[in-house]
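Undergrad: Terminal number for the sequence shown in this note's numbering: 482, no gaps in between.
In case anyone wonders, no lab produced these hints; they're calculated from the structure. The reader is advised that the hints may include incorrect statements.
As the list claims (entries may be wrong) - Here are the computed distance ranges between Cβ atoms for each label pair:
no., residue 1, residue 2, range
1, 284, 116, 16 to 24 Å
2, 342, 129, 18 to 26 Å
3, 106, 236, 46 to 54 Å
4, 154, 116, 20 to 28 Å
5, 242, 96, 48 to 56 Å
6, 186, 85, 20 to 28 Å
7, 96, 236, 18 to 26 Å
8, 76, 311, 20 to 28 Å
9, 282, 122, 26 to 34 Å
Where a beta carbon is used, it is the ideal one built from N, C-alpha and C, also for glycine.
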Amino acid sequence: MNTNTDTNTNTAQQTVAIFGAYGHTARFLIEEFHERGLGLSLGGRDPVRMTALAEAHPYARTHVATVDESASLDALVAGAALVVNAAGPFGDTTGPLIEAALRAGIHYIDITGEQPVTRHDFETYREPLAASGLLFLPALGFFGGLPDLLATAAMGDWAAADDITVAFALDSWHPTPGTRKAGARSAGKRVTVSGGRLVPFDYSQDLPTDWDFPAPVGKQPVHALGTADQITISRHLKSPEVRAFMNEAPLADLRDPHTPAPTAASDGGRSAQSWLIDVVVTRGAERRAVSAVGRDIYAVTAPVVAEAAVRILAGRTLPGGTGSGMRAPGEVFDAEDFLSSIADITWSRRPAGRPAMRRDSPTGSTPAHTVGETYAVPEAPSTSHARTGRTLISPSTGTSNDEPPSSGVKAPEQDVDVPALATVLSYVRQSASVTVPGSPHSAARGSAVKFISTT
Numbered sequence: 028m029n030t031n032t033d034t035n036t037n038t039a040q041q042t043v044a045i046f047g048a049y050g051h052t053a054r055f056l057i058e059e060f061h062e063r064g065l066g067l068s069l070g071g072r073d074p075v076r077m078t079a080l081a082e083a084h085p086y087a088r089t090h091v092a093t094v095d096e097s098a099s100l101d102a103l104v105a106g107a108a109l110v111v112n113a114a115g116p117f118g119d120t121t122g123p124l125i126e127a128a129l130r131a132g133i134h135y136i137d138i139t140g141e142q143p144v145t146r147h148d149f150e151t152y153r154e155p156l157a158a159s160g161l162l163f164l165p166a167l168g169f170f171g172g173l174p175d176l177l178a179t180a181a182m183g184d185w186a187a188a189d190d191i192t193v194a195f196a197l198d199s200w201h202p203t204p205g206t207r208k209a210g211a212r213s214a215g216k217r218v219t220v221s222g223g224r225l226v227p228f229d230y231s232q233d234l235p236t237d238w239d240f241p242a243p244v245g246k247q248p249v250h251a252l253g254t255a256d257q258i259t260i261s262r263h264l265k266s267p268e269v270r271a272f273m274n275e276a277p278l279a280d281l282r283d284p285h286t287p288a289p290t291a292a293s294d295g296g297r298s299a300q301s302w303l304i305d306v307v308v309t310r311g312a313e314r315r316a317v318s319a320v321g322r323d324i325y326a327v328t329a330p331v332v333a334e335a336a337v338r339i340l341a342g343r344t345l346p347g348g349t350g351s352g353m354r355a356p357g358e359v360f361d362a363e364d365f366l367s368s369i370a371d372i373t374w375s376r377r378p379a380g381r382p383a384m385r386r387d388s389p390t391g392s393t394p395a396h397t398v399g400e401t402y403a404v405p406e407a408p409s410t411s412h413a414r415t416g417r418t419l420i421s422p423s424t425g426t427s428n429d430e431p432p433s434s435g436v437k438a439p440e441q442d443v444d445v446p447a448l449a450t451v452l453s454y455v456r457q458s459a460s461v462t463v464p465g466s467p468h469s470a471a472r473g474s475a476v477k478f479i480s481t482t
């Protein structure tokens, strides 16, 4: 929940539709949008659960809607200015919801963390939607959107980098049923960015290495991943290498079929899970690093999505930036200002530590896809990260009429045959835990950040 107190709440004519409105993450989205003063149109396929949702949220319109009935989706988005797709598996829902948004002439956001879906949607829709006059932001969540914004902030005034690496440290991971289902669907379909191309990623090639996270987390054994961030980042930031790593504790939780779903540790429904994202960008001998810390990877999606939505509706996109088509958030928003507006996230620049050990790029006869030209990121005016307050819709803001730049990464012309997914390395090192004091911005949530330490 965003706890800032901006009082500009004139949002009477703005409604956001949410599909998959009774899902785990959707509960946080409903709360966030309602607090920001936007109207809500809520939809889902289960009539019983939609009846319960209507009783819990009498201020919202509710609809039984399914991806198999376009008329039901049209009823859900009618009168809305933007639709948020929160229903997985997203391989089944993104296409019908994107088409519904196009029919209604409204903007679209989804919260998938599924890399194959994110890749498919960029490759399928980026060019066709470029002249739509509408914004489509896929994977705007903990995976995909948030690391993309951090990487954009880290790049600053660099037009290109040699390597962009995103490293995740989670103290635990209690996956939702949707996360488990998405993981099964993504098996064997993940890629990574190496040598300026999308190449197949196989977990059997992964070897444990270390990553120097910001103190006091410190050095952690990590494993390579194929994530949605590698798709969003490579679509507009120019780097031949885009890699992702995660520490071992959450991977062990995911491997264990008995790990329970997340449970609320506070009245707001957030779990006690804590996380850190570390992004390191290199160019020759130069290195830039940005890190962010917060709580509950599912709940933090809500303020990120809501902030993006209200900025789109208020016309608060980058001057001269890309205001139409399927985009990554770093293409559309001032990354530093955006990150600083989210009270649920504390982020900072830092002296970059040693990057993770490099591994040879995958080779072989499998065709790979070239990563194209990028959108130039404007230089950040300041390193201060004071909170700017949540964004709310204001009729006086106006809509930017700036022309978008030339298109970014082009969709590949042929698909990749990806080898079957191997089992993630099974061992987990015995380790002690160390508690990291919570940030001043999260004190109201009564949380401390706890990570696994091997030192």
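Undergrad: Is it true that residue 186 and residue 85 lie within 20 to 28 Å of each other by Cβ?
TA: violated, 51 Å
Undergrad: Taking 16 to 24 Å as the stated bounds, is the beta-carbon spacing between residue 284 and residue 116 within them?
TA: holds, 18 Å
Undergrad: Between residue 342 and residue 129, is the Cβ distance one that fits in 18 to 26 Å?
TA: About 20 Å separates the Cβ atoms of residue 342 and residue 129, which means 18 to 26 Å holds.
Undergrad: For the pair residue 106 and residue 236, does the Cβ-Cβ distance stay inside 46 to 54 Å?
TA: holds, 51 Å
Undergrad: For the range 20 to 28 Å, tell me whether the beta carbons of residue 154 and residue 116 fit it or not.
TA: Cβ of residue 154 to Cβ of residue 116: about 25 Å, so the range 20 to 28 Å holds.
Undergrad: Okay, residue 76 versus residue 311 on CB: inside 20 to 28 Å?
TA: violated, 54 Å
Undergrad: Taking 48 to 56 Å as the stated bounds, is the beta-carbon spacing between residue 242 and residue 96 within them?
TA: holds, 53 Å
Undergrad: Quick check: does the Cβ-Cβ distance between residue 282 and residue 122 fall within 26 to 34 Å?
TA: Holds: the Cβ-Cβ distance is about 31 Å, inside 26 to 34 Å.
Undergrad: Range hint 18 to 26 Å: satisfied by the CB atoms of residue 96 and residue 236?
TA: violated, 48 Å
Hint compliance for this structure: hints 6, 7, 8 are broken, all remaining hints hold.
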